[in-house]
Structures are given as C-alpha cells and as structure tokens.
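We have chain F already, so just place chain X on it with the hints.
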Amino acid sequence: MKSTLKLLAVLGLAAVLLAAILTGCTCGATTPEETTPATTGVTTPSPVVVTDQKGREVTVAAATRIVSLAPSNTEIIYAMGIADRLVGRTDYCNYPPEASEVPSIGGFSTPDLETIVALEPDLVLATSIHEEIVGQLEALGIATVVLNPQTIDDILASIDLVGRAAGAEAEATALASEMSARIEAVAAKTAGMTGDDLVRTCFVVWHDPLMLAGGDTIYEELIRTAGGANIVSDQSGYPSIDLEDVIVTDPQVVIVGYGMGDGEDLALQYLRDEPRLAGIAARQNDRIYGIDQDIVGRFGPRIVDALEQFASFLHPELFGTPDQ
Amino acid sequence: MQPKHSGTYFTGRRTRIYGLVGLVLLLIVVAAIATGIGSVGVPLNTTFSILVDKLPWVEITPTWPDALTTIILDIRLPRVILAGLVGAALAVAGATYQGLFRNPLADPYLIGVAQGASLGAVVGFLLPVSWNLAGYGLIPLLAFAGALAATATVYLLARVGKTLPVTTLILAGVALGALLASIVSYLIISSGEAMHGIIFWLMGSFALSKWSEIWVVLPYVAVGTGFLILFARMLNVMQLDEEQAQQLGVNVERLKLALLAAATLITATSVAFVGTIGFVGIIIPHTVRLIWGADHRYLLPLACLTGAIFMILTDLVARTALAPTEIPIGVITAICGAPFFLYLLRRRKKAIF
Numbered sequence: 001m002k003s004t005l006k007l008l009a010v011l012g013l014a015a016v017l018l019a020a021i022l023t024g025c026t027c028g029a030t031t032p033e034e035t036t037p038a039t040t041g042v043t044t045p046s047p048v049v050v051t052d053q054k055g056r057e058v059t060v061a062a063a064t065r066i067v068s069l070a071p072s073n074t075e076i077i078y079a080m081g082i083a084d085r086l087v088g089r090t091d092y093c094n095y096p097p098e099a100s101e102v103p104s105i106g107g108f109s110t111p112d113l114e115t116i117v118a119l120e121p122d123l124v125l126a127t128s129i130h131e132e133i134v135g136q137l138e139a140l141g142i143a144t145v146v147l148n149p150q151t152i153d154d155i156l157a158s159i160d161l162v163g164r165a166a167g168a169e170a171e172a173t174a175l176a177s178e179m180s181a182r183i184e185a186v187a188a189k190t191a192g193m194t195g196d197d198l199v200r201t202c203f204v205v206w207h208d209p210l211m212l213a214g215g216d217t218i219y220e221e222l223i224r225t226a227g228g229a230n231i232v233s234d235q236s237g238y239p240s241i242d243l244e245d246v247i248v249t250d251p252q253v254v255i256v257g258y259g260m261g262d263g264e265d266l267a268l269q270y271l272r273d274e275p276r277l278a279g280i281a282a283r284q285n286d287r288i289y290g291i292d293q294d295i296v297g298r299f300g301p302r303i304v305d306a307l308e309q310f311a312s313f314l315h316p317e318l319f320g321t322p323d324q
Numbered sequence: 001m002q003p004k005h006s007g008t009y010f011t012g013r014r015t016r017i018y019g020l021v022g023l024v025l026l027l028i029v030v031a032a033i034a035t036g037i038g039s040v041g042v043p044l045n046t047t048f049s050i051l052v053d054k055l056p057w058v059e060i061t062p063t064w065p066d067a068l069t070t071i072i073l074d075i076r077l078p079r080v081i082l083a084g085l086v087g088a089a090l091a092v093a094g095a096t097y098q099g100l101f102r103n104p105l106a107d108p109y110l111i112g113v114a115q116g117a118s119l120g121a122v123v124g125f126l127l128p129v130s131w132n133l134a135g136y137g138l139i140p141l142l143a144f145a146g147a148l149a150a151t152a153t154v155y156l157l158a159r160v161g162k163t164l165p166v167t168t169l170i171l172a173g174v175a176l177g178a179l180l181a182s183i184v185s186y187l188i189i190s191s192g193e194a195m196h197g198i199i200f201w202l203m204g205s206f207a208l209s210k211w212s213e214i215w216v217v218l219p220y221v222a223v224g225t226g227f228l229i230l231f232a233r234m235l236n237v238m239q240l241d242e243e244q245a246q247q248l249g250v251n252v253e254r255l256k257l258a259l260l261a262a263a264t265l266i267t268a269t270s271v272a273f274v275g276t277i278g279f280v281g282i283i284i285p286h287t288v289r290l291i292w293g294a295d296h297r298y299l300l301p302l303a304c305l306t307g308a309i310f311m312i313l314t315d316l317v318a319r320t321a322l323a324p325t326e327i328p329i330g331v332i333t334a335i336c337g338a339p340f341f342l343y344l345l346r347r348r349k350k351a352i353f
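Sequences listed follow chains F and X, in order.
Using this note's numbering, the first residue of the first sequence is number 1, and each one after it goes up by one.
Using this note's numbering, the first residue of the second sequence is number 1, and each one after it goes up by one.
Just so you know, these hints were derived from the structure itself, not from any lab.
The reader is advised that the hints may include incorrect statements.
Said to hold, decoys possible - Which stretches of chain X does chain F cover? Using the computed rule of at least three CB atoms under 8 Å from a CB of chain F, they are:
| id | segment |
| --- | --- |
| 1 | 33-45 |
| 2 | 62-74 |
| 3 | 182-196 |
| 4 | 319-331 |
To be verified - A few chain F positions that, by computed beta-carbon distances, are all more than 12 Å from chain X:
| id | residue |
| --- | --- |
| 5 | Ala-176 |
| 6 | Ala-187 |
| 7 | Leu-243 |
| 8 | Arg-276 |
| 9 | Asp-292 |
| 10 | Gln-324 |
Unchecked claim - Now the in silico label distances, taken between C-beta atoms and shown as ranges:
| id | chain 1 | residue 1 | chain 2 | residue 2 | range |
| --- | --- | --- | --- | --- | --- |
| 11 | X | Pro-339 | F | Asp-286 | 50 to 60 Å |
| 12 | F | Asp-154 | X | Pro-104 | 52 to 62 Å |
| 13 | X | Val-58 | F | Ala-139 | 21 to 31 Å |
| 14 | F | Gly-55 | X | Val-174 | 42 to 52 Å |
Just so it is clear, the structure is predicted and the values come from calculations on it, not from any experiment.
C-beta: ideal position from N, C-alpha, C; glycine also.
The following block holds chain X by itself, in its conformation from the complex:
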C-alpha cells in the first residue's frame, strides 16, 4: 500500500504505525540518556547498574557511593518520568482542545486552567499553614482545586441551556482568566517573603520531583489520556460543523463536555505539580499534524509520545546547560520549540490544519 500524498509526508496507515513504534523506542532511549546526564557527572555504566539493580531478580553489589544511587533513583529518575508524563499530558490536552474548538491557537490553558491553578498555588504559598504536610504538600492540592474551580466556573458561565457554544466558552475563559490573573498579580505584590517562591512556581519547573507526585499524576494522566484516545474518532467527526456531526448520530453536547473534562483534568493535574509550562500544548500537536496528518486516532497517541520526548529533552537542557543553576523550563520550551515549528511551517507549502 503506497502512502498517500495529500500534502503531508506520512499519512498512510502503515507509516503512522512505524511512527508510533519509532517514537516509543525513541522515548525509551531519551529517557535513559536523560537519567544518565545531570549536574553531577555519573558514569554511564554506574547509571545502568543502578537501574538494573532495581529489577527484582538482579542483585548487584554496589561499588559506588550511596549518594549516586540516591541521585539516580530518587532525584533524576522521578524527574525524567514526571517530565515525560507532563509533556504527554499537555500535548494530548492541547491536541484535544484544538480539535474541540476547531481553532489552531487553542492550548490547554485556554479556559482558565492556568490562571485558576496559579491562584490556588499563590493562596497556598500565602496561607500561614505549618510545614508538616505529608507527601506533596498543600500547594499542588490548592492549585488543582483552583484549576478545576476556574474551569467549572467558565463552563457554568458559558452554558446556554443544554448546549455549550464554543465561542462563548472561549470568551468566558479569557474573561475569567484575566480576572484571576489580576488577583494573582495583586497577591504577588503583597506577598513579601513568599514572592520569590511564587514567581519560580509560576515559571514552571521539574526540580524536586518526587515519586509520591508521580503516583498521583500517573493515574490521572493515564486514565484521561486513555479516554481521549478512545474517543479520538469522535474528535475527527467533530471537525465537521457541529450540526453535521449531530446528524451523523454523535451526541455532540455530551461528548464535548466529556472530552473537555478529560483534557482539563490532565492539564490541571500537570499544572498543579509543576507550574504553568507554556508552548508544549500548541507546538507539539501542530508539529505532529505537519508530519503525520490530522487524523485524531493517530494524532493523539503520536502527540502523547512526542510531547513526552520533547519535555524530557527540554528538562535535560534546563537542568544541565548552566548547572548547578536551573533555567526556567518555559524559556527552554519556547527557545527550542518555536524555531523548529517555524522551520516546519516553512517547509510545508500547504497549510494543514
């Protein structure tokens, strides 16, 4: 079967499968490399031995200092895995939002998730609560709650009877987002000592990622992403006018709500733990579309994998370029993502949204 030439390179079914397989392999390689590199130099064979030693049937007597085991298993590995999860979540959510709103500029933060999470996190920073909160602390909880509350408010504002008009949703999201952002600004000004921490949180970072965070993020992201990929064919149908989709038998309103909820959930989970990292939700889905076409059944899984690889690589750059100082990851995603995307745009003579 010859791959179809419809303005993109790879739109044949087999080529997309190869793409999926290739990306899975690439993800494993990138994750392994990222675990092996960091601000502290660790020889590759030590890294490999430490990782292999964790397998239950393997027992290697350590010839390296304990500190290296801690660094690889408790500092770097959770960080790489969390970066992969968040990258995948943001990319898939971005692709879903773009499909739902039929708008190429839609990103996961469109309807207030980022601003709601920021407000929750800032409140968490400012509350005079004692330090001893087990696991992950107050801030991710409040950020998550803030994100969901903001989205729920936008939904309630935009709902018209039983329908959820897309334009109203966007407008309500932008308006509420602006309001929340201004509240956040005011709180930052009056935050005093906490200002430093707040600003760094808002810029997004994978520093200090913990296993306990991964056990929370993983189920949400896995379930949400799985749900979205299952309904990817519906997203294809939604690209038609909503009326046409309805005539084709799709329960448009319920579907919109379900997809929106799933995408928002995985975004909120990601933002709650790592702050607001921009660009991934827009750049990755568009890049995948330019290479492999806009069929959501493949777009979503491919975006998932590409997002994970991209995030792991940018996090690697963020923590090693100026070690031991960390560059905010939002800066790296913009610097790396934007030029590549522009290059892709130039190469494609035809628009492909």
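The shape of chain F in the complex, shown without the other chains:
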C-alpha cells in the first residue's frame, strides 16, 4: 500500500517533468494561418468612428477581416457584396449556401472567443444578445459593432451602419435603395386601405402553446405594410392565446412560421388540421400559409422577401397569388 502511493508520487513528478520536456518539442496542432487581409486591392480606410445600435461609440481602424456573430449579419455582408472579407460566421449562418465554406466560430448564443481571436478579425458584427462577449472583445481591443434592429427602418439603418463601419458605403446605399424601392412598391398599393380593406390576420410563431406575434413586433409592421390587421395588435411581445380567442376574432388569413430548427412544419400542419379551427375564415378559404422562419425571423436583407410574401398572402388580387 505504501509503495503504491510512492509509485503514484513518482509518477506525478514524472508527469511534470514530461510536460516540461514536451514543451521543448514542436509537437502539437498547426498554428493559425499567417494573417493577411482577406482581400487585396482594397485600400485600408482611415479609422472611422460609428455609433452602433446599442449607442456605443466604436472606432473601426480597418475592416478587412470581418467576423459575424449572427445569421442576419452574415446575410447583410453577402447582400452587400463584401463577403470576400468575411472570415468567420456562426453554425446557423446557412444563407447564402456559400457561407458554409467560411470557418465557423460556434453557435449563436455561444460563440467561441478563442476561435474568434485566432482569426484575428478587425471588425466583429454582433447583436444585442452578445453583451458578454462584446465586453470581452472590447477589452481585447477588437472593434465590435452591435446591430439591434427592431423595425424595418432599423434594418435599413443597420445596413447603412455596416457600410460606414466597413468602408463600403456605396454597396450599403445600393442595397438599402433596392430594399426601399421594393418596400415602397408594396406600401404604395396598400397606403389608402382602411377598415374592411385590411385583411384580418395573424402571425403564428408556434402552435403549442399557440403563440402569436403582438403589436410591438416587426411582424406587426410587416402585416400593416402588406395591408393587413393583426388580430392581437393590442398585445405586446409574443402572447400565448387561447383557441377560443382565435375562433372569435376569425382571421381571414393565417401566416405560420416554419423551419424552426430542422425544417419542422408542425405548427403549419396544426393550423391546417386542428378540427376546432375549421370554422375560421382562413380555413374555410384555405388561406393558411407558411413562410420560412429563416426569411422572416432574421432581421436582415431578406425581410423584404418576407414583406412581399406577406403581401401576396393578404392581397393576391394586387400582388399575385402566393405559391402555396
């Protein structure tokens, strides 16, 4: 028994010595690539000071290696055409498909600080849920801009912000103008609508519990701009409501987000099959539509795609019949 312990003690000392010896050899994984700006031929702009959407003043010296911490931010970068500068994205950044070739830095709520630092970015685009890691990145001297759009105008402003921070104002303006034009095309046709012209509708986030988007969400804005009236306009956030409330308010169109996670359309199927909802106008006229959550739930460039889809759901006579 005593000798066993002596053996253990000796092994422990040996392990310490071994560790010291190992450090003398270069065995180990490869070092990160030598850093070069991800793109040549782009003149480094002089330092820019921007105020991000959380009110923080950020000095961006250069934006040649950009890391995005959210799918919406990644989509903005690709839509602006500066994706050659993107060196890091999250596991959930799946649009456009080319984004999967960029190295991943972790999840959406759990980005990996080590991987981000190893990529040596000079600009990181974060969102409002990344408070802690933004603090760490700031402390390490990495310029971090937080995008936090709550409305469609905020999204356009966030694109403008990315343009200024990355020294790509021209691309940002081009993207924002194109988006504004498409938004205007929808808004112009629904501008004068009142009362019964507005289609009673709601946006369903999940079916169990039945969660709808309330009056202070971006979905409310999408519905209004597309010529609709949200049946839970008076409630805030994402209220869970009873089936009886839905039956009583009798929506003419129901829009359901699908694709949460793995392309599941459980909520859509539920809304289309639940027998107790058979009496609502939306079911009678077969106007229960699904929309990809990746398009409508990410506050990025594809929000105009969502708006156009909403418009065709609510007013097919003006915007063409929807594809479903």
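For chain X alone, coordinates are given in the frame of chain F:
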C-alpha cells in the same frame, strides 16, 4: 506505521499526506495541460514560452502571433483557474454540507443558494439597464445577492429560538427553493429575447471567464475554504449527535451557523459567476470519502484539490469535444462523474458514510 484497514484503502495519516501531495502535483499538471489544449491548436512549446514569459525575470522575444498570447493568457488561463477555484469551492462546500446535515445527499444547493442565484441572475437579464457596467457586470452581483438573500430567508424561517434544527433547515430550504424556482420559470416564459441567454446561464459555463472575475472569486473562496479547513476537526465532532457534541464542549449552534455561512458564501460566489453546475458538490466529497475516509481534517483539503482537478478536466472536455461549439458543463460533470462514482460504490463492499 502500517496503514489502517478499516474498510477503506488509505486511512493512515501518512497515506493521506501522500494523497495531498500527489493531488497538488496532479493539479499543476492538469492545469498546465488544460491551458495548452483548446478549440484553437497551439503548439505546446509556444504555450510554455508564453507562460514563462510572464515571469518577471524572464524575457522571451515573441516568435508567435499576438493572437496566441491573448488566447493563452486572457482566454484560457483565467478559464482554467476559475474552473479550479469553482471546483474546489463546490467540493468543499458539498463536503461541509454533508457533514453539517449528517446527510449523504446534501449538496451546496440544498438551502436555496442555486434558486436564489438563478432568480437574481434572471432579474439581472431582464432589467433594462444599459450595458456599460465595468468589470463583471450586473448579473453576478444580483446573482450573489439573490443567493445570500435566499439563504438568509431560509435561516430565518428555520430558526427556532436560539437553535437551528437541521431538519427544519432542509425543509425550509426545499420549500423556498421550489417557490423561487417557480418564479424563475415564470420570468423565463415572459423573457422574450433574453430567454436564450438566461437558459445558457442557468446551465452553467466557464466561457468568457475574465481575470477580473478571478480577483473577486479568489479571496472569497480562499478565505471561506481556509475557514472551513481550520474548523474541520469540529465537523468531525459534529458527526456525533448534536447533544453529545455539546457535552463535549462544542458551541454547536454558533459553529453550525459559522460553517453554514462559510460554505454558503463560497457556493454563492461560485454560482454568481458561472451559473449552477451540479454534481460536483455531491460526487467529489463521496469519492474522496470512499478513497481516503471521512476524517474531515483530510477530507476537506483532499476534496478541494480533487474538485479543482475534476472541474478543470470537465471544462476541458466541454470546450474541446465539439469545438467550436460548447457543451454545457453540467452535462459533462454528470456524464463523467456519475459512472465513476457508481464504479467506486460497487468496488467498496462496505458503506462508508
């Protein structure tokens, strides 16, 4: 002196000393290895050079990118050290609670620390306070305050005159814990955007550990643990019936309160910064008891070291197994700790609590 065979392997004094020394060495080795491994591959000699360069009398010209220095010194090293501190704190607190309550199932979260800290943290997430709070932010502060408030409430509820009956304490802790947990559940449902962050906090994580956090955790844990180890002999006496302990001259009530306070303090500090990490407070003390016996004078320091080693290793697995995605550390502690503990139980033919 032959080691005594009383149903465990190592209960002789010298064998426990060897155990202590061996564990200290093991801790150093494990910490060094954990600093050298991570989601980004860094060659071992670079790691060693970066660490040695920090010594004041050594000056090495860097041949590696600055990013690696940042990774090793500002990201990995604080994380490893914090993991060690928290592991030690939870293990020692767990051993103390088990000794105080004379109950093998007592863990550091028994009298409301976890639920109080969760409530404080959730409130911190939901408050519309601006982002710029220096150092470590609002959430650890509120979590710490919540943990202490919950424990104080349990103490006040359970106190009977000048005594603190142990059974009442446990019951009050469970009841208040349930109440707080239900409030937390309601707040989570109505949290909207913050829900993601809250749920990840509750699962516990050492990600984004900072040096500023260590300077807060270290003094609390050091003082609390030191205090508990100093009074370890008293814990031995407490294993007798409380009346007998009193007849032996121990001021039982005051001692109970002091030990409880110290153990709760180090638990609250740990939970405030890293969230609620389960299993460590139960598994480690029992494992140490099964190997080295239940004498608290050795149990507490050995649990301290074993807890630190265990936590560093599980954190290493949590951040490298599926890199760059992190596995919640509570999952790893359960997966690694439980089977090993069951194995130990099977090997020991005699119960040893």
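Against the structure, the hints come out as follows:
no.	hint	in the structure
1	33-45	holds (count 10)
2	62-74	holds (count 7)
3	182-196	holds (count 5)
4	319-331	holds (count 5)
5	Ala-176	25 Å, holds
6	Ala-187	27 Å, holds
7	Leu-243	19 Å, holds
8	Arg-276	24 Å, holds
9	Asp-292	20 Å, holds
10	Gln-324	29 Å, holds
11	Pro-339/X to Asp-286/F: 50 to 60 Å	55 Å, holds
12	Asp-154/F to Pro-104/X: 52 to 62 Å	56 Å, holds
13	Val-58/X to Ala-139/F: 21 to 31 Å	25 Å, holds
14	Gly-55/F to Val-174/X: 42 to 52 Å	44 Å, holds
The structure shown violates none of the earlier numbered hints.
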